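K.L.:
All residue numbers for the sequence shown refer to the numbering used here, where the first residue is 3 and numbers rise by one.
Don't read these hints as lab results, they were simulated from the structure. Since the structure is predicted, the reported quantities are computational estimates derived from the model, not experimental observations. We put the beta carbon where it would ideally sit given N, CA and C, even for glycine. Any given hint could be a false lead.
Below, simulated EDC-like cross-link-like pairs (lysine to aspartate or glutamate); rule was C-alpha separation at most 16 Å, straight line [to be verified]:
{"no.": "1", "residue 1": "Lys62", "residue 2": "Asp38"}
{"no.": "2", "residue 1": "Lys62", "residue 2": "Asp31"}
{"no.": "3", "residue 1": "Lys62", "residue 2": "Asp81"}
Simulated restraints on C-beta separations [to be verified]:
{"no.": "4", "residue 1": "Val123", "residue 2": "Leu24", "range": "17 to 25 Å"}
{"no.": "5", "residue 1": "Arg51", "residue 2": "Ser88", "range": "23 to 31 Å"}
{"no.": "6", "residue 1": "Gln84", "residue 2": "Arg55", "range": "39 to 47 Å"}
{"no.": "7", "residue 1": "Thr119", "residue 2": "Glu70", "range": "42 to 50 Å"}
{"no.": "8", "residue 1": "Pro83", "residue 2": "Asp107", "range": "37 to 45 Å"}
{"no.": "9", "residue 1": "Thr67", "residue 2": "Thr99", "range": "22 to 30 Å"}
{"no.": "10", "residue 1": "Arg72", "residue 2": "Asp42", "range": "13 to 21 Å"}
{"no.": "11", "residue 1": "Ala36", "residue 2": "Leu93", "range": "46 to 54 Å"}
{"no.": "12", "residue 1": "Thr119", "residue 2": "Thr67", "range": "18 to 26 Å"}
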Amino acid sequence: MTYASWEPRHRCTTVAPGRLDLMVVTLVDGKRAALDPITDYDAALARARAFHRDHPCQVKVLPLTGTEARVMLGITVPDHPQPMDSADLRLIRDTLTDVVRGSGDHDARADALTLLTDMGVVRA
3 MTYASWEPRH RCTTVAPGRL DLMVVTLVDG KRAALDPITD YDAALARARA
53 FHRDHPCQVK VLPLTGTEAR VMLGITVPDH PQPMDSADLR LIRDTLTDVV
103 RGSGDHDARA DALTLLTDMG VVRA
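Please work from the sequences and hints to get the whole structure.
P.N.:
Structure representation (structure tokens):
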């Protein structure tokens with residue numbers, strides 16, 4: 003069995019972001035043209051569509067999970083965590099606390115609370 007596309011050769015395609023997606027990559031003829039946070043997905047798609055209108059090429063706007071982004075960018079995670087300084091820990095603590103207090107997303111609040119508990123900031 004063969005698969006033949008009914009779509010035109012030059013097109014702009016995308017996949018809707020999922021819950022675990024953190025980044026969005028824009029590929030033009032298979033080459034990375036842009037990498038944005040997933041919160042900018044709509045803007046990345048609009049930018050890709052505008053570019054595609056004037057350029058006959060294959061454009062793909064693809065959401066990526068954290069793992070997919072690390073693999074695509076060739077980022078390796080160290081075997082052992084590196085110690086953080088107090089400023090980094092304070093920034094993380096404050097950001098997680100803001101999520102717990104102000105996010106409308108139940109899952110985000112739960113994840114932030116779990117991390118704060120793991121860090122010893124909150125006691126269960």
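K.L.:
Please test the hint of 39 to 47 Å on the beta carbon pair from glutamine 84 and arginine 55.
P.N.:
Given about 45 Å between the Cβ atoms, the range holds.
K.L.:
Do the Cβ positions of threonine 119 and glutamate 70 conform to the proposed distance bound of 42 to 50 Å?
P.N.:
Since the Cβ atoms of threonine 119 and glutamate 70 sit about 28 Å apart, the hinted range of 42 to 50 Å is violated.
K.L.:
Between arginine 72 and aspartate 42, does the beta-carbon spacing fit 13 to 21 Å?
P.N.:
holds, 19 Å
K.L.:
Is it true that the C-beta distance of alanine 36 to leucine 93 lies inside 46 to 54 Å, as the hint says?
P.N.:
Distance hint for alanine 36, leucine 93 is violated at roughly 26 Å.
K.L.:
With a cut-off of 16 Å on the C-alpha distance, tell me whether lysine 62 and aspartate 81 pass.
P.N.:
violated, 33 Å
K.L.:
How does the Cβ-Cβ distance of proline 83 and aspartate 107 compare with 37 to 45 Å: does it lie in that range?
P.N.:
violated, 26 Å
K.L.:
Looking only at beta-carbon atoms, does the pair valine 123, leucine 24 fall within the given range of 17 to 25 Å?
P.N.:
Given a distance of about 23 Å, which is inside 17 to 25 Å, the answer is holds.
K.L.:
Take the C-alpha atoms of lysine 62 and aspartate 31, compute the straight-line distance between them, and say whether it is at most 16 Å.
P.N.:
The hint holds at about 8 Å.
K.L.:
Can the suggested window of 18 to 26 Å be confirmed for the beta-carbon pair threonine 119 and threonine 67?
P.N.:
holds, 24 Å
K.L.:
Does the beta carbon distance between threonine 67 and threonine 99 stay inside 22 to 30 Å, or does it fall outside?
P.N.:
holds, 25 Å
K.L.:
For lysine 62 and aspartate 38, compute the direct alpha-carbon distance and say whether it is at most 16 Å.
P.N.:
holds, 13 Å
K.L.:
Range hint 23 to 31 Å: satisfied by the CB atoms of arginine 51 and serine 88?
P.N.:
For arginine 51 and serine 88 the Cβ distance comes to about 45 Å; the hint is violated.
Going down the numbered hints, you'll see the structure goes against 3, 5, 7, 8 and 11, while the others check out.
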